[in-house]
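Visitor: Protein chains in written order, with this note's numbering: chain G, 0 to 117; chain V, 0 to 117.
These are calculated hints, taken from the structure and not from any lab test.
Computed from a predicted model, the values in this text were never measured in an experiment.
Misleading hints may appear alongside valid ones.
Said to hold, decoys possible - In the DSS-like style, the derived pairs of lysine-lysine whose C-alpha atoms are separated by at most 30 Å in a straight line are:
| # | chain 1 | residue 1 | chain 2 | residue 2 |
| --- | --- | --- | --- | --- |
| 1 | V | Lys44 | G | Lys109 |
| 2 | G | Lys4 | G | Lys35 |
| 3 | G | Lys35 | G | Lys109 |
| 4 | G | Lys109 | G | Lys4 |
| 5 | V | Lys44 | V | Lys80 |
| 6 | G | Lys56 | V | Lys4 |
| 7 | G | Lys35 | V | Lys37 |
| 8 | V | Lys37 | G | Lys115 |
| 9 | V | Lys80 | V | Lys58 |
| 10 | G | Lys80 | V | Lys58 |
| 11 | V | Lys115 | G | Lys115 |
| 12 | G | Lys44 | V | Lys58 |
| 13 | V | Lys56 | V | Lys80 |
| 14 | G | Lys56 | V | Lys109 |
| 15 | G | Lys37 | V | Lys115 |
| 16 | G | Lys35 | G | Lys56 |
| 17 | G | Lys35 | V | Lys44 |
| 18 | G | Lys58 | V | Lys80 |
| 19 | V | Lys4 | G | Lys58 |
| 20 | V | Lys56 | V | Lys44 |
Chain by chain, the residues run as shown.
Protein chains: 2
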Amino acid sequence: MDSNKINLSEKLATFSDYFAPRTVARLNEYDVMVVKVKGEFVWHKHDETDDFFLVLKGKLDIQLRERTVSLGPGEMFIVPKGVEHRPVAEEEVHLLLIEPTGTPNTGDAKTAAPRKLA
Amino acid sequence: MDSNKINLSEKLATFSDYFAPRTVARLNEYDVMVVKVKGEFVWHKHDETDDFFLVLKGKLDIQLRERTVSLGPGEMFIVPKGVEHRPVAEEEVHLLLIEPTGTPNTGDAKTAAPRKLA
Chain G
0 MDSNKINLSE KLATFSDYFA PRTVARLNEY DVMVVKVKGE FVWHKHDETD DFFLVLKGKL
60 DIQLRERTVS LGPGEMFIVP KGVEHRPVAE EEVHLLLIEP TGTPNTGDAK TAAPRKLA
Chain V
0 MDSNKINLSE KLATFSDYFA PRTVARLNEY DVMVVKVKGE FVWHKHDETD DFFLVLKGKL
60 DIQLRERTVS LGPGEMFIVP KGVEHRPVAE EEVHLLLIEP TGTPNTGDAK TAAPRKLA
């Protein structure tokens with residue numbers, strides 16, 4: 000994290016593990032993160048916050064209980080707070096995420112990935 | 000604004016005026032906006048919030064008093080709260096902006112562009 004410009008592709012090139020978001024910047028009390036995703040995440044929800052997804056590369060399905068939102072590059076979706084969802088990607092996908100600092104990625108601090116810097 | 004996915008290019012294709020952000024989604028108490036910029040904006044600052052810029056297309060210079068941050072597609076910068084800045088684009092540039100709802104784009108409600116939906 001630095002006070003200069005942030006090149007998202009360069010940040011994504013610094014790691015290869017999935018479902019392990021890297022914080023690249025802070026916006027007030029929010030973390031701006033990049034993440035690589037492949038496969039199925041767990042069903043979860045965030046009772047305290049909406050959940051911002053922007054696809055940078057690849058294709059992401061955000062499964063909701065009633066429907067699936069399919070996103071390609073340049074497409075975004077905000078999962079409203081309290082809504083159960085599961086991100087699924089058949090092939091590797093690169094995402095920009097924005098969440099309040101400290102939000103557990105699984106919706107539960109006990110199972111959440113540790114928040115890392117890129 | 001809708002509860003479905005948001006295609007940023009499609010939203011940008013719905014208008015052509017510069018420095019007039021369109022809100023495409025809400026993230027908690029924040030507006031997620033797209034904007035087209037060409038030319039020089041005014042020097043301004045936001046005393047209450049950081050200011051998020053992500054370049055989607057084109058090239059943006061964010062002039063600060065001490066230096067200039069030059070951004071291309073896939074590059075972002077967060078202007079810290081209270082820091083004077085001026086966005087400048089020689090050619091048309093498309094941006095994603097995120098700010099607390101109601102933040103005046105000029106830093107001053109008297110001169111701010113009205114906030115529109117896309």
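Visitor: Give a verdict on every hint.
Guide: Verification of the hints:
1. V/Lys44 <-> G/Lys109: Between V/Lys44 and G/Lys109 the Cα gap is close to 40 Å, so the pair fails against 30 Å, i.e. violated.
2. G/Lys4 <-> G/Lys35: holds, 21 Å
3. G/Lys35 <-> G/Lys109: This hinted pair holds, its Cα atoms lying about 21 Å apart.
4. G/Lys109 <-> G/Lys4: violated, 33 Å
5. V/Lys44 <-> V/Lys80: Satisfied, since the Cα-Cα distance of roughly 7 Å is no more than 30 Å.
6. G/Lys56 <-> V/Lys4: holds, 16 Å
7. G/Lys35 <-> V/Lys37: With Cα atoms ~33 Å apart, G/Lys35 and V/Lys37 exceed 30 Å; violated.
8. V/Lys37 <-> G/Lys115: At roughly 36 Å apart (the allowed maximum being 30 Å), G/Lys115 and V/Lys37 break the hint.
9. V/Lys80 <-> V/Lys58: holds, 23 Å
10. G/Lys80 <-> V/Lys58: Given pair G/Lys80, V/Lys58 is violated - Cα atoms ~34 Å apart, limit 30 Å.
11. V/Lys115 <-> G/Lys115: violated, 36 Å
12. G/Lys44 <-> V/Lys58: Measuring from Cα to Cα gives roughly 37 Å; hence the hint is violated.
13. V/Lys56 <-> V/Lys80: Holds - the C-alpha atoms of V/Lys80 and V/Lys56 are around 25 Å apart, at most 30 Å.
14. G/Lys56 <-> V/Lys109: violated, 40 Å
15. G/Lys37 <-> V/Lys115: With Cα atoms ~36 Å apart, G/Lys37 and V/Lys115 exceed 30 Å; violated.
16. G/Lys35 <-> G/Lys56: Status holds; Cα separation ~9 Å.
17. G/Lys35 <-> V/Lys44: violated, 34 Å
18. G/Lys58 <-> V/Lys80: Measuring from Cα to Cα gives roughly 34 Å; hence the hint is violated.
19. V/Lys4 <-> G/Lys58: Holds. V/Lys4 to G/Lys58 sits at ~13 Å (cutoff 30 Å).
20. V/Lys56 <-> V/Lys44: holds, 24 Å
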